[in-house]
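Chains R and U supply the protein sequences, listed in that same order.
Be aware that the first sequence starts at 1, since it is given in our numbering, and climbs by one per residue.
Be aware that the second sequence starts at 1, since it is given in our numbering, and climbs by one per residue.
Do not rely on the hints blindly, as some may be mistaken.
If several chains are the same, the list does not tell them apart, and a pair holds so long as it fits within one copy or across any two.
[Claimed, not checked] With a straight-line cut-off of 27 Å between C-alpha atoms, the simulated DSS-like cross-links for lysine-lysine are:
#	residue 1	residue 2
1	K384	K233
2	K188	K384
3	K87	K71
4	K203	K99
5	K203	K157
6	K118	K146
7	K71	K203
If you're looking for bench data, these hints aren't it; they were derived computationally from the structure.
Number of protein chains: 2
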Amino acid sequence: MAEMNDIRMKGFHQRISVEGFYTIIDKNTAPNPSELVHVTECYDRVLCEPITSPRNVPDFNRSAMDGYAVKGEETFGAASYNPISFKIRGRLTPGQEFKEEIQKGETLQIMTGAPLPKGADSVLMAEYTEQVGQCMHAMEAVSPGKNVGLVGEDIQKGEKLFQKGRRLRPQDAAVLASVGISEVSVFKKPTVDILVTGDELLKPGQFPDGVKIVDSNSIVLRHCIQRDGGIVKMIRHLPDDLDLIRTALQESSADLVCISGGSAVGVEDFAPSLVAELGELLVHGVSIRPASPTGFGMIDHRPVFLLPGNPVSCLSAYDFFVARAIRIKGARNLQWPYRSIAIKLGSNISSQSGRVDYVRVRIEGSQAFLIATSGAAILSSTTKADGFLVVPEASEGFAEGETVNVCLYDS
Amino acid sequence: MAEMNDIRMKGFHQRISVEGFYTIIDKNTAPNPSELVHVTECYDRVLCEPITSPRNVPDFNRSAMDGYAVKGEETFGAASYNPISFKIRGRLTPGQEFKEEIQKGETLQIMTGAPLPKGADSVLMAEYTEQVGQCMHAMEAVSPGKNVGLVGEDIQKGEKLFQKGRRLRPQDAAVLASVGISEVSVFKKPTVDILVTGDELLKPGQFPDGVKIVDSNSIVLRHCIQRDGGIVKMIRHLPDDLDLIRTALQESSADLVCISGGSAVGVEDFAPSLVAELGELLVHGVSIRPASPTGFGMIDHRPVFLLPGNPVSCLSAYDFFVARAIRIKGARNLQWPYRSIAIKLGSNISSQSGRVDYVRVRIEGSQAFLIATSGAAILSSTTKADGFLVVPEASEGFAEGETVNVCLYDS
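Can you make the complete structure from the sequences, with help from the hints?
Following this line, the structure appears as structure tokens:
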């Protein structure tokens with residue numbers, strides 16, 4: 001690591017491949033421990049244990065229709081020209097229970113979801129009846145069992161509901177509530193501290209002036225971290241001051257730290273040497289464009305990402321590397337949240353073999369075109385773009401007319 | 001409307017088509033007014049006005065590399081065997097300014113992002129130099145303008161940044177901050193009150209007992225509403241009590257109300273007649289399965305959705321109808337948030353012409369199969385399913401082997 005501490009103003013000696021970086025991230029990050037959340041709050045959380053149903057849903061036979069509970073065989077032969085009459089013993093709505101048993105020739109008016117009374121085995125829909133006083137005329141037959149939901153028809157006691165690792169949908173949370181579960185064991189969301197360094201930076205919301213510019217990386221990081229299931233614990237803006245940055249790194253109690261700026265080999269780029277001083281600097285310099293001055297290390301078992309100050313590099317480094325660590329910690333799948341489409345290229349895209357390229361494209365008609373002005377500092381290239389494509393390490397690019405996969409930003 | 005008030009226990013006279021329902025929703029809902037939010041909070045909000053940049057980004061010429069600011073023509077002819085020497089006048093990091101002008105034979109050490117000093121027109125990368133004391137030896141030539149980002153290279157003053165209606169990405173929020181905007185005018189998020197009615201219902205987190213079941217619809221609604229950009233203002237659980245439900249409807253101050261349960265034609269289904277009493281009942285009964293007992297009306301210019309108590313119906317009614325109203329109010333596009341894929345059917349799916357069907361399917365290998373147990377009451381059909389397909393009104397279904405579009409729940 002000594003060598004790495006010392007590369008300021010000398011350029012990167014060696015850049016790690018994207019895949020090599022992934023291996024290091026995977027080795028140094030593990031899923032968070034679990035926490036219990038109330039069932040109304042478990043949406044989009046990741047289950048930390050498999051779940052088996054503690055009960056039947058429903059736990060009673062219930063009417064699936066509004067109508068009349070009958071013994072089906074008593075309606076056989078009923079028709080509009082040959083109505084069969086039943087004495088109405090009462091009316092049952094959901095949540096009520098009929099304690100007696102209905103007898104031959106009797107019926108009970110019953111609403112969808114109400115428990116089927118003893119003595120009945122089916123429900124004749126209201127549409128096929130006529131009610132006259134305390135008498136119901138069945139105008140159609142109903143077969144035994146018809147329009148009745150049996151015990152456990154939705155969920156059976158002991159049934160395996162969800163595997164560990166399931167990302168809970170709205171309806172999953174609903175199923176957990178319906179079997180009577182009140183608290184759910186899920187992976188804790190990873191917390192992230194964001195340190196934004198740079199003498200030149202103003203905070204978002206301030207007006208840029210003179211040679212000062214507004215920090216925008218904290219905004220990109222904050223929102224992407226939230227999107228990927230993380231919690232931003234703290235955002236600090238710091239000058240290029242070795243001691244202040246060191247203290248901030250030592251004080252962090254988050255699961256993960258992102259330092260934006262000062263990651264490269266300039267004289268004010270303190271972050272790499274600080275990580276090496278306080279812990280271990282494992283990566284510095286990656287074969288990717290933009291975002292090559294990205295770094296990674298561990299301080300007190302805490303992953304620390306060194307992100308380039310250039311905004312496009314920062315976004316690219318986040319999506320390629322930080323997002324992966326956050327998703328591992330949150331036990332989420334590693335796929336990008338971007339929807340990808342296959343589309344023909346309207347421009348040539350050249351790259352360098354041995355380097356991954358993150359290329360912003362706009363889509364016009366049925367073709368994707370390179371965004372003309374697209375340096376690492378040109379944040380507007382990512383707002384003018386509809387998405388991006390990745391040129392793999394082994395490729396030297398794509399020719400006009402080739403079909404490529406484009407990841408859409410709005411997806 | 002009188003007729004509609006009176007249909008309990010008689011079945012629906014007439015069901016409106018899904019498209020007909022859409023027309024009524026579209027006529028009765030409009031985008032919310034605007035509100036100002038801080039630029040750090042505008043992610044995923046929808047712009048209420050077009051935005052033009054008030055300034056150039058950057059507002060000064062800046063170095064795009066770590067290296068030395070020079071007049072390019074003074075380096076012509078430099079090579080490792082023929083270094084050209086410059087006197088180092090100092091060092092400039094981002095946020096600092098060099099007030100003088102560098103003269104012939106002079107250079108300034110400069111970091112990425114620092115403002116280019118007067119007298120220089122390019123930056124020679126550190127990699128192509130050697131520094132000995134106060135002297136820099138250029139080992140390579142650099143052409144004028146090289147490695148310099150000019151005023152406005154990212155964003156030009158007066159440039160149109162975003163159209164009204166843009167849903168802001170993380171990087172969009174970052175661009176807004178970088179041009180010095182602190183507050184952004186966005187459409188107010190629609191607020192929603194959820195009234196859950198039913199004597200049989202326990203609140204989520206309670207344990208089902210006897211003939212009582214746990215309400216799960218409020219969970220599905222709450223999460224789907226949040227997902228679609230709405231804010232759940234209040235969730236109330238109410239018994240099947242006409243007066244209590246009336247009071248709750250009158251007390252609502254949300255942009256939109258959802259009533260779950262009591263929407264059909266059972267004796268305890270008070271919701272439709274209450275909407276007719278307090279306002280106007282515009283829809284009751286839809287040609288869709290499940291979710292046919294869905295209703296819609298207006299009370300005090302407030303859209304009110306009557307949603308079936310059956311959980312699959314509730315989810316289906318939400319996605320088809322409520323989501324549309326929420327997205328209109330929030331000025332979002334009307335597309336479902338589900339990613340759709342084309343896939344072959346492994347089962348036949350039969351439907352009724354004249355009715356839209358919402359069919360849950362699971363995906364196995366490269367085929368989609370119908371979920372066997374899939375009535376409106378079987379919530380677990382939506383957790384066992386990988387997604388759903390929609391059988392259009394004009395169709396009588398699909399045959400095994402046909403390619404259909406399946407919307408994925410996890411997307």
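Here is how each hint holds up against the structure:
1. In this homomeric assembly, K384 and K233 never come within 27 Å of each other (Cα to Cα): the closest approach is 30 Å inside a single copy and 36 Å across copies.
2. For the identical chains of this complex, K188 and K384 are inter-copy neighbours only, at 25 Å across copies versus 36 Å inside a copy, given an alpha-carbon limit of 27 Å.
3. Within a single copy, K87 and K71 get their C-alpha atoms as close as 13 Å, which meets the 27 Å cut-off; across copies the closest is 104 Å, which misses it.
4. Taking CA atoms no more than 27 Å apart as the test, K203 paired with K99 passes between copies only; the shortest distance there is 25 Å, against 69 Å inside one copy.
5. Proximity of K203 and K157 under a CA criterion of 27 Å is satisfied inter-copy only: 20 Å between copies versus 55 Å inside one chain copy.
6. Taking the shortest alpha-carbon separations for K118 and K146, only the intra-copy value of 15 Å comes in at or below 27 Å, while the best inter-copy value is 89 Å.
7. For the identical chains of this complex, K71 and K203 are neighbours neither inside a copy (74 Å) nor across copies (33 Å), given an alpha-carbon limit of 27 Å.
Of the numbered hints listed earlier, those contradicted by the structure are 1, 7.
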